[in-house]
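Assemble the whole structure, with the sequences as input and the hints as a guide.
Residues are numbered in my numbering as their position in the sequence shown, beginning at 1, plus a constant of 3.
Quick caveat, the hints were computed from the structure, so don't treat them as lab data. As the structure is a computational prediction, the values presented were derived from the model and not from experiment. Just so you know, nobody snuck in bad clues.
List of simulated lysine-lysine pairs, BS3-like, C-alpha gap at most 27 Å:
1. Lys-88 with Lys-23
2. Lys-24 with Lys-88
3. Lys-87 with Lys-24
4. Lys-87 with Lys-23
Quick list of simulated restraints, FRET-style, between CB atoms:
5. Thr-44 with Leu-73: 11 to 21 Å
6. Leu-84 with Pro-17: 16 to 26 Å
7. Leu-66 with Lys-23: 29 to 39 Å
8. Leu-30 with Glu-52: 36 to 46 Å
9. Ile-33 with Arg-63: 13 to 23 Å
10. Asn-85 with Glu-52: 54 to 64 Å
Note that beta-carbon positions come from the ideal geometry of N, C-alpha and C, so glycine has one too.
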Amino acid sequence: MGEQKRKQEQKPEPYFIFEKKNYQVMLIGIAVIALGFLLMTGGGSDDPEVFNPEIYSWRRIRLAPMLVLLGFGIEVYAILLNPKKK
Numbered sequence: 004m005g006e007q008k009r010k011q012e013q014k015p016e017p018y019f020i021f022e023k024k025n026y027q028v029m030l031i032g033i034a035v036i037a038l039g040f041l042l043m044t045g046g047g048s049d050d051p052e053v054f055n056p057e058i059y060s061w062r063r064i065r066l067a068p069m070l071v072l073l074g075f076g077i078e079v080y081a082i083l084l085n086p087k088k089k
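This is how it looks when you write it as C-alpha cells:
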C-alpha cells in the first residue's frame, strides 16, 4: 500500500527550460528580426540591364540591419532572463 501512494505522488511534471515570460520575450525578438528582414526585401529590378538605386535606400542599409541586430539582442536577453529572481 505504501508503494502505490509513492507512485501516485511521483507524477512527473512537464520540464521546460524557460518560463512563460522567457518565451514571450523570445517571440517579441523573433518578430523584430522578421520585421528587419521584411524591410530589407525589394528594391531590385525585373530587367537585369536596368539599375535601380532604390536598393541603397536608408531603410535597407541602416534601419533593417539595426532591427535585426536589436532582435538578436532581445533573444540573448530572453535566454538570460531569470523571471524567478525579484
